[in-house]
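Respectively, the protein sequence lines represent chains A, B and C.
If you use this note's numbering, the first sequence corresponds to residues 386 to 715, in order.
If you use this note's numbering, the second sequence corresponds to residues -14 to 221, in order.
If you use this note's numbering, the third sequence corresponds to residues 208 to 493, in order.
Hints in this document: simulated from the structure, not taken from any laboratory.
Treat the hints with care, as some may be off.
What the hints assert, rightly or not - For the chain B half of the interface with chain C, some residues (derived, Cβ under 7 Å), not all of them:
id : residue
1  : Pro58
2  : Glu59
3  : Val62
4  : Pro70
5  : Arg74
6  : Tyr78
7  : Ala87
8  : Tyr90
Unchecked claim - Pair ranges (Cβ atoms, derived):
id : chain 1 : residue 1 : chain 2 : residue 2 : range
9  : B       : Gly50     : C       : His367    : 35 to 45 Å
10 : C       : Phe460    : A       : Gly590    : 49 to 59 Å
11 : C       : Ile469    : A       : Leu684    : 51 to 61 Å
12 : C       : Val271    : B       : Gly98     : 37 to 47 Å
13 : C       : Val419    : A       : Ser698    : 46 to 56 Å
14 : A       : Tyr670    : C       : Leu349    : 33 to 43 Å
15 : C       : Ala371    : B       : Glu216    : 46 to 56 Å
Glycine is no exception: its CB is placed at the ideal position from the N, C-alpha and C atoms.
As a plain string of letters, each chain reads:
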Amino acid sequence: MISTKLRSNIGHLVIIAVLLIVLLVMPTLVSSYWIHVLMLMLLYGILAVSLRQMLILGQVSFAHPAFMAIGAYTSTMLVMNLGLPFWFTIFIAGFASAIVAFLLGLPVLRLTGPYFFLATFAFLEVVRMILTHYYVPFGGPMGIYHIPPPNPIGPIDFSSISHFYFLILIVFVITLLLLYSLERSKFGQAWHAIGQSHVLAESVGVNVMGYRVLAFVIACFFAGVAGACYAHYMTHMSPMEFGLTLSVDCIVWAVVGGLGSVFGPVVGAGILTFIPQFFKFTAEYESGLSAVIFMIIILFLPGGLVSLPQVISRRIRKAKGIVTSGGKVD
Amino acid sequence: MSTLLAVKNITVHYGMAEAVRGVSLDIAEGEIITLIGANGAGKSTILKTISGTKKLITGEIWFRGERIDKLSPEKIVALGIAHVPERRRVFPYMSVSDNLKAGAYLRKDSEIGPDLENVFHHFSVLKQRLGQMAGTLSGGEQQMLAMARGLMAGPSLMLLDEPSLGLSPIMVMEIATIATEINKQGVGIILVEQNAVLAFRLAQKAYVLETGSIVLEGDTAELLNDQRVKEGYLGI
Amino acid sequence: MELTFFLQTLTNGIQIGFLYVLMALGLTLIFGIMHMINFAHGQFYMLGGFFLWWLFAIHHVNYVLAILLAVIIVATIGFIVERFLLRPIRGKELYVMCMTIALGTFFEFGARTVWGPLDKAIPTVIPGIIKFAGVAITYERLMAVVVGIALVIGLYLFIHRTRAGLAMRAVEQDPEVATMYGMGINRTHALVFSLGALLAAASGTLMGTIIVVNPTMGTAPMLKSFMIIILGGMGSIPGAIAGGLIVGLMDSFFSSFFGIDIAYIFVFVVAFMFIIFRPRGLFGRD
Chain A
386 MISTKLRSNI
396 GHLVIIAVLL
406 IVLLVMPTLV
416 SSYWIHVLML
426 MLLYGILAVS
436 LRQMLILGQV
446 SFAHPAFMAI
456 GAYTSTMLVM
466 NLGLPFWFTI
476 FIAGFASAIV
486 AFLLGLPVLR
496 LTGPYFFLAT
506 FAFLEVVRMI
516 LTHYYVPFGG
526 PMGIYHIPPP
536 NPIGPIDFSS
546 ISHFYFLILI
556 VFVITLLLLY
566 SLERSKFGQA
576 WHAIGQSHVL
586 AESVGVNVMG
596 YRVLAFVIAC
606 FFAGVAGACY
616 AHYMTHMSPM
626 EFGLTLSVDC
636 IVWAVVGGLG
646 SVFGPVVGAG
656 ILTFIPQFFK
666 FTAEYESGLS
676 AVIFMIIILF
686 LPGGLVSLPQ
696 VISRRIRKAK
706 GIVTSGGKVD
Chain B
-14 MSTLLAVKNI
-4 TVHYGMAEAV
6 RGVSLDIAEG
16 EIITLIGANG
26 AGKSTILKTI
36 SGTKKLITGE
46 IWFRGERIDK
56 LSPEKIVALG
66 IAHVPERRRV
76 FPYMSVSDNL
86 KAGAYLRKDS
96 EIGPDLENVF
106 HHFSVLKQRL
116 GQMAGTLSGG
126 EQQMLAMARG
136 LMAGPSLMLL
146 DEPSLGLSPI
156 MVMEIATIAT
166 EINKQGVGII
176 LVEQNAVLAF
186 RLAQKAYVLE
196 TGSIVLEGDT
206 AELLNDQRVK
216 EGYLGI
Chain C
208 MELTFFLQTL
218 TNGIQIGFLY
228 VLMALGLTLI
238 FGIMHMINFA
248 HGQFYMLGGF
258 FLWWLFAIHH
268 VNYVLAILLA
278 VIIVATIGFI
288 VERFLLRPIR
298 GKELYVMCMT
308 IALGTFFEFG
318 ARTVWGPLDK
328 AIPTVIPGII
338 KFAGVAITYE
348 RLMAVVVGIA
358 LVIGLYLFIH
368 RTRAGLAMRA
378 VEQDPEVATM
388 YGMGINRTHA
398 LVFSLGALLA
408 AASGTLMGTI
418 IVVNPTMGTA
428 PMLKSFMIII
438 LGGMGSIPGA
448 IAGGLIVGLM
458 DSFFSSFFGI
468 DIAYIFVFVV
478 AFMFIIFRPR
488 GLFGRD
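Take these sequences, add in the hints, and give me the full structure.
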C-alpha cells in the first residue's frame, strides 16, 4: 500500500512533468502573441516566487522591482557599453542585485513589519528617481532603447520569439528548482520558523539575522536575473516600469497564488497575467475586478489558489463527517 | 456566607500546552483567598480566565449565581470583578487621574465620586500625583495606582496578581495593609502570590498550585502547620 | 534671498504642511492603535474631495454642509470597511496590508468609473487674495489652514478630554489591560479607523477646493504621509504635526530651489535615514 505522502509526492511530480511538457510544446501550438504572454507569465512567476522568500519571513519587501531594475540596467549597460556577452552579464546582473541586497539588508533587515516595508519602499523610490533623473548613464525617464538580444549560441540566434521563450523557460525552471530544494532543506525550515515567530526562533538560538540576509540576497539575485532577461527581450525599458505598481503586483501574485508552497506565486502570477489577456473586453473593469477578487481571497481563501484543492477536499470530508475540526482535548 | 465566585473544574490552554487542569476553587463574599505556587504554575492564567481575557477549554465559572466564563471581559468587569494584573501594567503615558478614570470607564460619572474619595483615603500618595505620568511613578506607587484603578471599577471581587513583585518589604507591608482595609469594606480578594508568607498572613483560605493543578487546599490557619507547605513554600 | 520670496515660500509651505498634517494624523492614529498601515488612506482623501465636488459643484449643497457631509460619508465608509473587511483578519499583518491595498485599488477604480478620470474643479467659495508683508495667500488657502488648525485642536481635545479618547489611549498603551476594564478593542478600532478616514477626507476636501479633484490624487499625498509619520514617529500625534509641517516646508523650499524631483528624493532619503538610525522618529516612543 503506497503511503499517502508518497502518493502526493508522485502526484506532484506527475503534475509538474505534464506542465513541463506542455510548456515545452507551447511555442509550436500558439501564435507569437501568446508566446509573449507566456513569457511574461514565467518572468512574473520568477519575481513572485523569489519575493515569496521574504514574505514567508514576514518581511514585505516593496523593493523587488528596484532589484529587477538593478539587474536589468547592469546587464544592459555592460552589454551596450563594454560589449560583454549576455551569457556573462546575466550572472553579473544577478550578483549585482545580490550585493546591493546584502548592503541594503544589513541595516534594514533588523526592522520588522511596517518599518521594513517603509524602508524598502523608500529604497524603491530612491532607485527609481535616480534612474529617472540621470540621463547620462541611465537614459533618464525615457529609459534605454535598442537593447541587443543575447549573443547567438549555435543555431539559436534570438531572431525568433521562441528562442527567448526557451531562455526564459530554462531560467524559470532553474529558479523554481533551486527555490524548491531550498524550501525542502533545513534553510526552509528555519525560514518558516522565523516567519512564525522570530522572537521564538531567536530564543532557541536560530541566527535570525543571518537567515534573513540569506533569503534577501537569494530573492534579489533572482529578481536581478529576471531583470536582465526582461531587458534583453523587451529591447527597451524605462524606470517607470520598475515602480510601485510592479511592487504591489508581485505581492498580489504571491498572496493570491498562495504562500504555502513554491508553486503558489507561480500560479498567482500566471493566472493574474493570463486572465486579463484572455478577457480583453473587461479591460476597463480589470482593476476593480482584481481588487474584489483579491479581497475575497484574503477573507475566504487566505492560503491562496494553491490551497483550493486542500480546502475543497476538507469541506467534502467534513460534510461526510470524516474529519473532526481541530484537535480534541481529553 | 454566600459564594461570591465559584470556579468549577477548569482547563485552560496556552497554545498547545495545558496551563491549567481541572482546577476548582471558590471564594465567599468578603473573603480573601490566595493561590500560591511557583512561577509558571498557572496562577496568573486562572485569574485571566476569571476576568475573561483567556478562554477556558472545559469547566465553568460562576459569579454570584451567574455563569460568566462565556462572557466578554467588558461584561465581566461590569458585573463587579476587577483584575489588577501582574507587574501592575498601569497605562504608562497617561496621568494618574486618567488611569483612575480608565478604571471607572464603564461607570456613570455620577456614581464614582464616593469611590474616588475612598481611593484617596486608601492611597493618599496618589492624591498628590494626580497629574503625573503613570510610567514615572515608583514601583510601589504604580502598584497602588493599579489597585486604585481596580477599585475605581467598583468591584465586589478583586483579582490581585503578585502585588509584592519587585517591591521593598516596607512597600509590601503597606500594600498588605491597604488590601486588608479594602477587604474590610466588603470587597472579596483572590490573591495570587509567590510570597507565601505574605499570602498566608492576608488570606483565610489557600490553594496551592503546582504545574497547573491544585495539590493542596484549606484554611490558612491549618495549612500553616502542614509539613509540605512549611518546607516547600514557607522555607521553614 | 529676498525676504518676500522667503516669506511666500514659508507661507505656502505651512499651508501645504497643514494638509499633510491632517492626513498624517489619520495614518499615525491608525498605525499607533491598530498597528497597521492603511494603504487605502490616500483614497479616503480622494473620496473626501470627490464627495465634496459631487455635493457642492453638482448638487449645489451649501458649501459648509457639503464638506461636513463628504467627511461623514467617508468616515462611514471607513467604519464599514473596518467592521467587515478588517476585523475578520485582525492581527494578520500581511493580509491586512493586502486588504487595504486592494481597497485602495478598488476605491480608485470606483471613483474613475462613477465620475470619470478627468480633473474636476471645485468652484471657489471665497474668492480673493489677502496680502500682508508682501506675501499673498488666497482666502481659500487661508481657510484651509484655519480649518486644519481647528481640526488638530479638536482632535487633541477629543483624545485627551473625552471618554472615547481615553479608551483610544488605553488601547494603544496596553490593549489587554484596556479590555480588562471595559475599553473594548472592537469599538476602539472601529472608532480609530473611522476617525483616520475622516481626517484624510477633511484634508481631501480642503485640498480639492484649492487645486482640483481626480481619481489618482490620493496616491502621492499618501506616500508622502508614510514618510511624514516616519519622520515624526509612527503613532505619535505631535510627530505627525511636526512631520507634516516640516515636509510641507521642505516641499515648498526644495521645489523652489532644486526642483520637484530633488525635493521628492530628499524626503525619501531623509525618511530612509530615520528608519535606519532613529526608527522612532522625532517624537515616537519605544
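Each hint tested on the structure:
A distance limit of 7 Å between C-beta atoms decides the matter here; for Pro58 (chain B) the minimum to chain C is near 5 Å, and the interface restraint holds. Look at Glu59 (chain B): its Cβ gets to within about 4 Å of chain C, closer than 7 Å, so that hint holds up. A hinted interface residue such as Val62 (chain B) counts as satisfied when its beta carbon comes closer than 7 Å to some beta carbon of chain C; here the least separation is about 5 Å, so the hint holds. For the restraint placing Pro70 (chain B) at the interface with chain C, the shortest Cβ-Cβ distance is roughly 6 Å, inside the 7 Å limit, so the hint holds.
Against a cut-off of 7 Å between C-beta atoms, the interface hint on Arg74 (chain B) holds, since the closest Cβ of chain C lies about 5 Å away. For Tyr78 (chain B), the interface hint holds, since its Cβ comes within 7 Å of a Cβ in chain C; the closest pair sits about 6 Å apart. Given the 7 Å rule on beta carbons, the hint for Ala87 (chain B) holds: about 5 Å separates it from the nearest Cβ of chain C. A cut of 7 Å between beta carbons decides the hint on Tyr90 (chain B): the least distance to chain C is about 5 Å, and the hint holds.
For Gly50 (chain B) and His367 (chain C), the hinted distance range of 35 to 45 Å is satisfied, since their beta carbons lie about 41 Å from each other. For Phe460 (chain C) and Gly590 (chain A), the hinted distance range of 49 to 59 Å is satisfied, since their beta carbons lie about 51 Å from each other. Restraint check, Ile469 (chain C) to Leu684 (chain A): a C-beta distance of roughly 43 Å breaks the suggested window 51 to 61 Å. Range check, Val271 (chain C) to Gly98 (chain B): about 40 Å between beta-carbon atoms, so the 37 to 47 Å window is met.
In this structure the hint that Val419 (chain C) and Ser698 (chain A) lie 46 to 56 Å apart at CB holds, the actual value being about 53 Å. The hinted range of 33 to 43 Å is satisfied by Tyr670 (chain A) and Leu349 (chain C), whose Cβ atoms lie roughly 42 Å apart. In this structure the hint that Ala371 (chain C) and Glu216 (chain B) lie 46 to 56 Å apart at CB holds, the actual value being about 53 Å.
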